[in-house]
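Novice: What follows is the residue order along each chain.
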Amino acid sequence: MTLPVRKRSHWLIPCAVAGALLIVLPQRSRGADDPREWLQKMNQALATRNYDGTFFHLSEGRVETMRIVHRVRGGRTTERLQSLDGSGREFVRNNEELTCYLPDQHTVLVEPRPEHGPFLGSLPQFGADVDQFYRIDSLPSTRVLGRPARVIAVNPKDQFRFGYRLWLDEKTAMPLKTQLCDSRGQVIEQIFFARLDMPETIPDSDLAPSVRTEGMRWVRQGPSRDSASPALSAYRASELPPGFHLTVAGAQTIGGATVPASHLVYSDGLATVSVFVEAPRPSAAGADTGPSAESEPPMQGLARVGSGFAFSTIVQGHQVTAVGEVPAQTVEFIAHSVKSSGSAELPRP
Amino acid sequence: MSEQILEQVSAFLDGELPNSETELLLKRLTRGGGLRESFGRYALIGEAIRGASPGLLTKGFADRVNLAIDGEPLAAANVRASLGGAPRWWRPVAGVAVAAGVAAVAVFALQQRAVAPGLRPVLAVTAQTAAVPVPALGAAQPAREAISYTVPAASPAGPSAIPPARLTNYVFAHSRYSSGLDQRGVMADLLIEAEEQQPAASEAAAHVAP
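Just so you know, the sequences run in chain order D and L.
If you count by the numbering used here, then the first sequence holds residues 1 to 349, one letter each, in order.
If you count by the numbering used here, then the second sequence holds residues 1 to 210, one letter each, in order.
Derived by calculation from the structure, the hints in this document are not laboratory data.
All values derive from a computational prediction rather than experimental measurement.
All residues carry an ideal CB built from backbone N, CA and C; glycine is no exception.
Just to be clear, a hint being listed does not mean it is correct.
Incomplete in silico selection of chain D near chain L, CB under 10 Å [what the hints assert, rightly or not]:
id: 1; residue: Thr65
id: 2; residue: Thr172
id: 3; residue: Met174
id: 4; residue: Gln300
Have a look at the derived ranges for each label pair, beta carbon to beta carbon [stated by the list, open to error]:
id: 5; chain 1: L; residue 1: Glu23; chain 2: D; residue 2: Glu170; range: 20 to 26 Å
id: 6; chain 1: L; residue 1: Gln4; chain 2: D; residue 2: Asp34; range: 52 to 58 Å
id: 7; chain 1: D; residue 1: Arg76; chain 2: L; residue 2: Glu23; range: 26 to 32 Å
id: 8; chain 1: L; residue 1: Lys27; chain 2: D; residue 2: Arg147; range: 42 to 48 Å
id: 9; chain 1: L; residue 1: Ser20; chain 2: D; residue 2: Ser238; range: 57 to 63 Å
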């Protein structure tokens, strides 16, 4: 049947408009307003700028005040994160190592972070992979700290990952405020700056820990030069939430352990989950009594850490623990799927 | 807490506090536990009210909240603000109980989820009003400022299955691989995970010289 000309024009006009929009909108979205461009600018700013700021960390109804000092000088990055109230803990990291001062535990933890490691490389890339599992939107601009701020939402498309809202300084792309959100958009953690300076230079004294370390125990943990035992290295997650894949497989000495654990890292491009596979540990009481010593009681179940979760279970006699800034069901899903397999899958970037 | 400090907190949350006063507020916050708790609560309530989308909180609702807080509707309050009186959304001193109750309706309606123990007495008032759906992040709010409110996360039921010291060690090891977006949060979590913790590593670990 042939439509009358008048009716046909009714069809044609919206089609023409829609077609024009389809052509114009993608080009526009790649312009100055493209949220991905802003996220890349943020990455660049975080990696290359000097900054010294005080921020509030709101989580689980608690507010903590913290100071961060970040310096990039001659290709070398040094960062100090300090709790201004509460625990008095401090972290100082540079291209070689991360040092965690825990005065409340009279302990200093040191973990080597090699220069060519993922310290700066770990900044997320918002490529096509990420698009499959997150929707990235620009929201109306607003003001934070009295400065115009660009608001970007990174929305998870399912319940296996968290999302983010970022308030980026219009001038520098520094994140003035960030929120971690669940898949329903509810905020579970918030960081916002009360003060943020970006000085040309930062003196060494601002990066030195204020914690007095006399009498504290120094404990080193980190990637092990020794491989994990073949039995531990054979473990992999047999099933993963959509989008997650193995990115790192190595050995890691966890503080308190005498043999390295297998450390697997799974990522969807933004969120990461670490899986530790360990042999049963001898209990502290039986540590000196040889191989027949009693083992520490196995861990089984969920634990909360800040806005993330850890889930531990026993698989074929080994302790398997998944940890990440992801919903509880994600760490649980991954930990439950870990199995020993004859052929170990190799990580991909 | 004096009204002046509350004004400062509110101005800070609005992004309007001058730098010199922000420094002063920070000093006060790091000194006083009570102020910090109040600050967290005001941040929660204030952002819920200011950030709610039209579909969730009507103008009438905002007026009612404002009326409950300081006895005048939003429109009148805006006029006074423009004249320099600067009434803020909380004005909590005079009618704090009413204000907290009404504001908590907004919070509860937006959140519909478990809350931290410290906020339960306030939010319990509103248990019968939890019927408003929460929109997906950033969806269907094109003409407004981003929704901005803080929700205390629900904790899993029961005690932690992993001893705190061991958990710290796992998170410390994991932080190396967490993405740039997560990393600051992970590290901040480690900084505050100090309560009721045992030593982070046993004596069996290797000791190194500082």
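Novice: With reference to the structure, classify each hint as holding or not holding.
Specialist: Hint-by-hint comparison with the structure:
1. Thr65: With Cβ-Cβ at 5 Å, under 10 Å, it holds.
2. Thr172: Not OK, violated: Thr172/D not within 10 Å of chain L, min 16 Å.
3. Met174: With a closest approach of 12 Å, the Met174/D hint is violated.
4. Gln300: 6 Å, holds
5. Glu23/L - Glu170/D: 20 to 26 Å: 23 Å, holds
6. Gln4/L - Asp34/D: 52 to 58 Å: 44 Å, violated
7. Arg76/D - Glu23/L: 26 to 32 Å: 30 Å, holds
8. Lys27/L - Arg147/D: 42 to 48 Å: 22 Å, violated
9. Ser20/L - Ser238/D: 57 to 63 Å: 59 Å, holds
The structure is inconsistent with the numbered hints 2, 3, 6 and 8, although it conforms to all the rest.
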